[in-house]
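*Asks:* Sequences listed follow chains S and R, in order.
Going letter by letter, the first sequence gives residues 1 to 404 in this note's numbering.
Going letter by letter, the second sequence gives residues 405 to 698 in this note's numbering.
Please keep in mind that the hints were generated in silico from the structure rather than gathered at the bench.
Quick caveat, the model's predicted, so the values are computed rather than measured.
Heads up, some of the hints might be wrong.
Here are some of the chain R residues that sit facing chain S, going by a computed Cβ distance under 7 Å [stated by the list, open to error]:
1) 418
2) 421
3) 526
4) 529
5) 531
6) 535
7) 545
8) 594
9) 596
10) 632
11) 671
12) 675
13) 679
14) 696
C-beta atoms are modelled at their ideal positions from N, C-alpha and C, and glycine is treated no differently.
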Amino acid sequence: MKMRLSTLVASVALAFAGATAQAQISGGVVKIGVMNDMSGVYADIGGPGSVEAAKMAVEDFQKTSKAGLKVEIVSADHQNKPDVGSTVARQWYDTDGVDAIADVPTSSVALAVSQITRDKGKAFLATGPATADLTGKACSPNTVHWLYDTWMLANGTGSAIVKTGGDSWFFLTSDYAFGHALERDTEAVVLKNGGKVVGKVRHPLATQDFSSFLLQAQASKAKIVGLANAGGDTINSIKQASEFGIVKGGQNLAGLLVFLTDVHGLGLQTAQGLILTETFYWDMNDQTREWTKRFVPRNKGKYPSMDHAGVYGVVLHYLKAVEAAKTDDGTKVVAQMKAMPTDDPLFGKGTIRADGRKLHPAYLFEVKKPSESKGPYDYYKLRATIPADQAFRPLAEGGCPLVK
Amino acid sequence: MEIFGIPTQALFGQLLIGLINGSFYALLSLGLAVIFGLLNIINFTHGAQYMMGAFVAYLLLNWLGIGYWWALLVAPIVVGVTGMVIERLMLSKLYKLDHLYGLLLTFGIALIMEGVFRNEFGSSGLPYPAPAQLTGGQNLGFMFLPNYRAWVIVASLVVCLGTWYAIERTRLGAYLRAATENPQLVQAFGINVPRMITLTYGFGVALAAFAGVMAAPIYQVSPQMGANLIIVVFAVVVIGGMGSILGSVLTGFGLGLIEGLTKVFYPEASNTVIFVIMAIVLLIKPAGLFGTQK
């Protein structure tokens with residue numbers, strides 16, 4: 001009897017709380033779709049871990065929120081294909097009542113999803129994609145780009161390397177929107193700092209064997225081989241570069257987009273000394289460590305990538321904005337997200353700019369030697385912190401039509 | 405000296421790399437060709453079995469401390485046995501039906517295997533070190549050749565030639581070929597044909613696993629390593645002529661070379677060039693370069 005009573009009280013309370021908020025919540029529930037690569041080369045970067053991160057954001061939001069929002073998380077695999085991603089996005093928005101799509105690594109898919117989201121007036125919470133075009137020429141009033149972008153990576157890793165003497169570059173570029181954007185942005189940074197680009201080669205996504213490309217890089221005599229690729233492609237290029245004696249021969253590798261999960265896959269023996277830029281590392285402070293401790297068991301013992309952290313941060317902020325705006329209308333919520341400052345345990349305090357760019361510091365890391373690593377996933381040492389106002393492309397340079 | 409704007413030295417390097425990749429194609433398509441040529445099974449699990457070979461090597465090293473050389477022997481046996489179990493329990497029920505049923509079954513099994521491994525080990529892959537004897541490399545003047553890659557060519561050539569010899573030139577091979585032509589008659593001579601078929605399938609699968617162990621130190625040991633390769637390898641077998649053992653070996657090496665050259669002259673097309681060649685070959689010689697029309 002006691003049990004039944006408490007259930008009754010709870011449901012009445014819920015119904016009451018719901019009634020006040022539900023007026024402008026479509027379908028009475030805020031539905032967030034986590035879309036990413038669940039099974040391919042980028043699955044460890046996002047994958048099911050991003051879904052868990054989104055769920056943690058919902059749980060943490062509900063702990064403090066008084067709005068009594070009903071929130072549901074759904075997920076889908078876009079297989080890194082823009083057509084698959086577009087189909088899922090349309091179905092989610094048109095028939096499944098999804099209000100916002102989160103994550104979406106693979107820039108080509110993200111650009112498609114951003115356009116559809118804009119057409120449908122929903123919200124796109126991008127953390128996975130890298131292309132800076134999302135807040136540049138392809139910016140949208142319905143998109144927030146949370147985590148990182150090609151300009152930030154190029155600026156962080158690229159300028160640090162050129163300034164320490166790596167002034168001639170050869171690019172190994174993944175042949176799609178992301179690779180092209182990363183190569184373009186890095187090349188600009190290299191040239192601006194007085195370096196030169198002596199050659200480049202474009203390889204298809206998910207290439208197994210890089211030896212042919214590495215040989216071309218070797219022949220170019222460039223001091224730096226810049227890897228404008230990601231995930232499994234980066235891992236295989238670094239691994240095979242060590243096999244072909246690229247580093248022993250006096251050339252250095254610059255991993256332009258390397259995630260913690262990639263370093264884990266390579267092992268410190270192969271990855272040591274690599275310089276990379278990320279905006280999140282689990283071992284930064286007490287809050288990130290505490291969050292990681294909660295996340296790891298939910299992700300089969302694997303530590304969070306920066307993308308996982310990004311999904312958590314952006315979903316939390318999105319829900320706060322829904323609560324504040326009292327609606328889940330995508331355009332209004334994104335405007336609200338930009339209007340209020342962000343604050344979460346993983347990225348600290350920050351802001352979202354008019355073009356949709358989330359601003360927070362970026363960190364230049366160096367991968368530890370095996371002897372320096374003291375525990376599981378103890379991989380990075382911090383070399384420099386790039387403050388939030390310098391880490392990302394200046395608003396005026398992006399060419400975003402929303403800004404003019 | 406230059407050829408098409410590429411220094412000859414660099415070109416030699418690229419040709420050698422092409423041969424190395426070709427030897428992987430040859431090794432994998434060899435197993436497929438054996439299974440198809442002798443058993444008429446289109447074995448779509450081949451990529452997954454290649455992946456399992458690499459994983460068995462990884463697990464042997466990390467759980468039992470058994471190194472590369474033993475893994476070259478043990479992994480093919482372990483994976484070969486799982487293949488035989490699949491053949492006995494499932495594939496053998498489909499021999500009377502159209503090829504397509506076997507294809508669907510093996511494709512489904514491949515998806516399940518890859519899913520299970522991905523669920524267990526993630527998608528970033530796991531590192532596997534090359535054996536100490538084969539680390540380092542030689543400076544050939546025109547390129548730096550890692551010792552391990554040289555070993556890959558040698559091992560692949562030996563295995564390919566050995567398999568070809570066993571099937572085309574020995575008594576056992578003759579039984580096998582006879583059993584596929586006319587199983588009833590061969591059975592009448594007192595040869596256990598079903599067992600022979602099971603063993604042959606196991607051998608084909610073991611070849612895939614062998615290639616997997618060979619690949620482990622070069623690529624990441626990852627659940628989708630086979631899925632990336634299987635389509636290319638099928639194209640190799642189709643171009644060589646379904647079931648022709650010598651054909652698939654030669655085509656494997658040849659296409660490795662062509663793909664290598666594409667990576668120099670027009671890298672964007674390096675994923676597609678093999679399929680373009682496949683389309684052309686099928687238009688001109690539908691049975692493949694070395695196949696015979698049945």
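*Asks:* Please go over all the hints and tell whether each is borne out by the structure.
*Replies:* Against the structure, the hints come out as follows:
no., hint, in the structure
1, 418, "holds (6 Å)"
2, 421, "holds (5 Å)"
3, 526, "holds (5 Å)"
4, 529, "holds (5 Å)"
5, 531, "holds (4 Å)"
6, 535, "violated (13 Å)"
7, 545, "violated (13 Å)"
8, 594, "violated (46 Å)"
9, 596, "violated (40 Å)"
10, 632, "holds (6 Å)"
11, 671, "holds (5 Å)"
12, 675, "holds (4 Å)"
13, 679, "violated (12 Å)"
14, 696, "violated (32 Å)"
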